[in-house]
Amino acid sequence: MEKNIDLKVSKLAQNIIGSEIIKLAAEVNEKIKQGEKVYNFTIGDFNPKIFPIPAELKSAIIHSYEEDQTNYPAADGMLELRQAVSKLLKERGELDYKVDEIVIAGGARPVIYAIFKALVDEGDTVVFPVPSWNNNHYTYLNNAKPVLIETTPENKFMPTAADFKPYMSSANLIALCSPLNPTGTTFRKKDLEEICDMILAENEKRNTENKKPLYLMYDQIYWALTLGETEHYNPVTLRPEMKNYTVFVDGISKSLAATGVRVGWSMGPKKIIEKMKSILTHVGAWAPKAEQMATADYLNDLDSYDKFLADIKTKINDRLVAFYKGFQSLKSEGFKVDAIAPEAAIYLTVQFSLHGQTTAEG
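Position one of the sequence shown corresponds to residue 1 (my numbering), numbered consecutively onward.
FYI, nobody ran anything at the bench for these hints, they're computed from the structure.
Accuracy of the hints is not assured; some may be wrong.
[Unchecked claim] Taking lysine-lysine and the DSBU-like style, the derived pairs with C-alpha atoms no more than 35 angstroms apart in a straight line are:
id, residue 1, residue 2
1, Lys211, Lys23
2, Lys90, Lys315
3, Lys87, Lys189
4, Lys90, Lys336
5, Lys98, Lys331
6, Lys189, Lys3
Put together the whole structure using the sequences plus the hints.
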């Protein structure tokens with residue numbers, strides 16, 4: 001007879017909550033397997049039968065394995081990939097980062113983890129808007145204090161400088177994302193400029209007091225997937241002085257529909273990137289070497305990259321606009337629904353005022 005042993009775990013593990021959206025996606029997929037008609041609009045992923053990765057990238061990955069690129073990658077990422085990322089950022093993103101200011105990891109998650117571990121001490125204050133993706137969990141993993149900024153549909157669920165003003169003197173890290181997961185909306189240029197100006201003013205004050213700076217984590221994993229006339233803005237291009245205080249989250253997961261390929265990167269001040277590299281070596285969260293070499297090969301041909309982006313953006317835009325128009329049509333017919341026009345990424349923000357309503361079946 002087996003003994004019923006109460007296995008104790010750490011306090012961190014005891015209280016941690018898994019990713020809610022991944023849990024919900026698993027539950028929906030299980031219902032689909034059981035034959036229920038459910039449309040899974042949960043996790044930000046692609047159906048590879050409809051949205052495959054670029055054919056050239058797929059061939060390059062296969063070739064890398066055929067060339068036996070299967071040993072450990074460099075701790076900060078293969079030089080070839082960091083060079084390709086540097087070129088991509090400069091020629092398509094208006095950002096100038098040298099190879100020693102870039103670190104490669106297995107997607108955006110380990111990058112965010114490393115940023116938090118490199119910049120946030122126990123008891124520090126992390127300020128982020130809601131809705132947003134997983135900032136609460138990374139704050140918890142650092143035993144830091146979360147401050148949630150409630151955003152509104154009137155401003156597309158994007159925060160403003162006025163939202164952050166009460167917390168500037170106490171904040172240690174501000175976490176922003178644009179295009180925003182999960183709303184598919186983006187910063188207005190003026191709003192992001194004003195937030196940057198507040199951070200710069202706060203850091204000018206802290207510099208005179210010899211205090212740790214206020215840092216900005218800027219997640220732009222969807223930056224290449226802007227739709228229509230939407231423009232993507234980043235803090236460093238708008239305010240070059242922000243380069244000292246900004247650490248980016250980026251990668252190919254979304255722009256190339258390569259969520260399972262697991263190639264992401266971060267760029268920021270050299271000192272911070274070096275510390276992130278050290279943290280990632282202990283986690284072992286590298287992108288596989290074969291995928292790194294293949295991604296480098298693919299990104300060196302920006303004409304192919306541009307062609308793929310144009311195609312995938314058209315497909316995404318057609319779908320999101322169709323959904324948006326459909327909900328607006330329902331709204332005009334008197335149904336209690338509304339939606340925000342899609343701007344970027346693969347998301348549409350929809351409001352269903354269904355509280356107290358019943359189906360035809362009761």
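Evaluation of the provided hints:
Taking the CA atoms of Lys211 and Lys23, the gap is about 40 angstroms. The hint is violated against a cut of 35 angstroms. Proposed proximity of Lys90 and Lys315 is supported: the alpha carbons are some 26 angstroms apart, at most 35 angstroms. Distance check on the hinted pair: Lys87 and Lys189 sit about 24 angstroms apart at the alpha-carbon level, within 35 angstroms; holds. The straight-line distance between the Cα atoms of Lys90 and Lys336 is roughly 45 angstroms, outside the 35 angstroms bound, and the hint therefore fails.
Simply put, Lys98 and Lys331 have alpha-carbon atoms about 50 angstroms apart, too far for the 35 angstroms limit, and the pair is violated. A threshold of 35 angstroms between alpha carbons decides the hint, and for Lys189 with Lys3 the separation of about 62 angstroms lies outside it, so the pair is violated.
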